[in-house]
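*Asks:* These are the residues of each chain, in order.
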Amino acid sequence: MNAAACYFVNGMESETSAIARGLRGRDPDLLDRLIEQYQHRLLRYLVYLTSNRELAEDMFQETWIRVLERGHQYNPEYEFSTWLFSIARNLTVDYLRKKRPASLDGLLDEEEGVSLDPPDTRPSALELIAQQEQAERISAALAGIAAEYREAIVLRFQEGMALDEIAAVTGAPLGTVKSRLYRGLNALLPRLKGAQA
Amino acid sequence: MKRDPHQQARELIALGSQGLVDADQTWLRTHLDGCSSCRDYAQAAEQLVRSLKSVSVAAERALVQKTQMRVHLHAEQLRQRQDRQWLVAMSCILVGLSAAITTPFLWRGFQWLGEWAQVSSPVWQVGFMVFWISPALAASVIFLARGIHLTDTNRMSRG
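First to last, the sequence lines map onto chains A and B.
So the first sequence is numbered by our numbering: it starts at 8 and just counts up by one.
So the second sequence is numbered by our numbering: it starts at 24 and just counts up by one.
Simulated from the structure, these hints should not be mistaken for lab results.
This one's a predicted model, so the numbers in the text were calculated from it and none came from an experiment.
Hints may be right or wrong, so weigh each one.
Chain A stretches covered by chain B per the calculated footprint, using a threshold of three residues with CB under 8 Å from any CB of chain B [claimed, not checked]: (1) 27-38; (2) 61-72; (3) 76-85; (4) 90-102; (5) 190-198.
For the chain B half of the interface with chain A, some residues (derived, Cβ under 7 Å), not all of them [unchecked claim]: (6) 31; (7) 34; (8) 37; (9) 43; (10) 65; (11) 67; (12) 72; (13) 75; (14) 81; (15) 85; (16) 92; (17) 96; (18) 97; (19) 98; (20) 146; (21) 150.
All C-beta atoms, glycine included, are put in the ideal place defined by N, C-alpha and C.
Work out the full structure: start from the sequences and follow the hints.
*Replies:* Structure follows, in C-alpha cells:
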C-alpha cells in the first residue's frame with residue numbers, strides 16, 4: 008500500500024473510530040453533526056426506497072433514533088454510511104412488512120404511476136423548469152422498475168457506493184448486486200428513452 | 024460455452040467504471056471501439072448516471088431540527104433509564120449482601136423466640152420463611168404492577 012492510500016485508510020479508520028466512540032457514549036453533539044452530514048443522502052435513499060416522501064421522512068427520524076439506541080453495535084472497520092443505510096433499509100422493510108406482508112419487490116404494484124416527487128429546487132426561470140422536468144422524468148422511470156433494482160441503482164450511481172458496500176447495505180451477495188445493477192439499467196434505459204421521445 | 028461479448032460488455036458497463044478491474048476496463052474499451060451498439064448503450068448509461076446525479080432530493084431544515092430534537096429527548100430518556108437500572112442493580116447487590124450477613128442472626132433470633140414461646144420447630148421455621156421472603160414478595164408485586172402500568176401507558180400512547 009502506498010503512503011497516500013495508507014494515510015487515507017488510517018484517516019478513515021480514525022474518523023470511524025471517533026464515530027464509534029461517540030455513538031457508544033450517545034454523544035448528542037456527534038449525533039447532531041451526523042444528522043446534518045447525512046441528511047440529504049439518507050433522505051434521498053429513503054425517498055427512492057419507499058417512493059413516498061412522507062414515509063421517507065418518518066423513516067428518516069426512526070433511523071436516527073435507532074442509531075442512538077444501537078450505536079454500540081457500530082463496527083468502525085466499516086464506513087458509517089454503510090451501517091446507517093442498512094439500518095434505514097431494515098427499518099423500512101420491517102415497517103412495510105408489518106403494514107402489508109410483502110417483500111421489497113411487492114412495493115412495485117402500488118408504485119405504478121406514483122411520482123417520487125422530488126422537491127422544488129431554487130426558484131429561477133427556464134433552468135429550473137428543465138431541471139424539474141428532468142427530475143420528474145427520472146423519478147417516474149425509477150418508480151416503474153422493481154424496488155430492488157431501483158435501490159441498487161440509487162446506491163451505486165447516486166450515492167457512489169462500492170459494490171461490496173451495496174451488498175452490505177442490502178444483505179445480498181455481490182453477484183446478486185451486480186445482476187440487479189445490470190437488470191435495473193436495462194429496465195431503466197428504455198423507460199427514459201420512451202419518456203424522452 | 025462462450026459468453027456473448029455484448030452482454031458481457033453491458034454487464035461491465037452496468038457496474039460503473041469505478042467498479043472494474045484494469046483488465047476488464049481494457050477489454051471493455053477495446054470492445055466499445057469496435058461495437059457501435061454497445062457504445063450507444065454505454066453513452067445512454069453515462070447520460071443516465073449524470074441525470075441521476077443531477078436530481079436533487081433535499082431534506083428540509085424543519086425535518087432535520089425535529090429529528091435532532093427527538094434524538095436529544097430519546098437520549099435523555101435512555102440516560103434516565105440507565106440511571107434507574109444502575110440504581111436497581113446496586114439495590115439488589117446491597118440487599119443480597121445484607122441478606123447474606125443478617126440471615127444467620129435472624130435464624131438464631133427466630134430459634135430463640137420459638138424456644139421462648141415454646142412452639143415446635145416447624146412453626147418458628149415457617150415464621151422465619153414468611154418474614155424472610157415477604158420483602159422480596161412485596162417488591163415483586165410492586166414491580167409487576169408498575170410493569171403492567173407502563174405497558175398499558177405505552178400501548179395507549181402508541182394507539
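*Asks:* Under 7 Å is the threshold here; is the Cβ of residue 75 of chain B close enough to any Cβ of chain A for the hint to stand?
*Replies:* holds (5 Å)
*Asks:* Hey, does the residue 67 of chain B contact hint survive, CB to chain A under 7 Å?
*Replies:* At about 5 Å, which falls below the 7 Å cut-off, the nearest Cβ of chain A leaves the hint on residue 67 of chain B intact, so it holds.
*Asks:* Does the CB of residue 43 of chain B sit less than 7 Å away from some CB of chain A?
*Replies:* Since chain A brings no Cβ nearer than about 10 Å to residue 43 of chain B, farther than 7 Å, the hint is violated.
*Asks:* With a cut-off of 7 Å on the beta carbons, see whether residue 96 of chain B makes it to chain A.
*Replies:* At about 10 Å, which exceeds the 7 Å cut-off, the nearest Cβ of chain A leaves the hint on residue 96 of chain B violated.
*Asks:* Grab the minimum C-beta distance from residue 85 of chain B to chain A and call the hint holds if it beats 7 Å, violated otherwise.
*Replies:* Result: violated, 10 Å to nearest chain A Cβ.
*Asks:* Can you tell me if the segment 27-38 of chain A counts as covered by chain B, using C-beta to C-beta distances under 8 Å and a minimum of three residues?
*Replies:* holds (count 3)
*Asks:* Restraint: residue 98 of chain B near chain A, CB-CB cut 7 Å. Satisfied or not?
*Replies:* Status holds, d = 5 Å.
*Asks:* Hint check: is the beta carbon of residue 37 of chain B less than 7 Å from a beta carbon of chain A?
*Replies:* holds (4 Å)
*Asks:* Is the shortest C-beta separation between residue 97 of chain B and chain A less than 7 Å?
*Replies:* Status holds, d = 6 Å.
*Asks:* Min Cβ distance, residue 92 of chain B to chain A: is it shorter than 7 Å?
*Replies:* For residue 92 of chain B, the interface hint is violated, since the closest Cβ of chain A sits about 10 Å away, which is over 7 Å.
*Asks:* Using 7 Å as the Cβ threshold, decide whether residue 150 of chain B counts as touching chain A.
*Replies:* Violated, about 48 Å.
*Asks:* Quick one, is the residue 81 of chain B hint okay against chain A at 7 Å, beta carbons?
*Replies:* Holds, because the Cβ-Cβ distance from residue 81 of chain B to chain A comes to roughly 5 Å (cut-off 7 Å).
Of the hints listed earlier, those the structure fails to meet are numbers 3, 4, 6, 9, 10, 15, 16, 17, 20, 21, in rising order.
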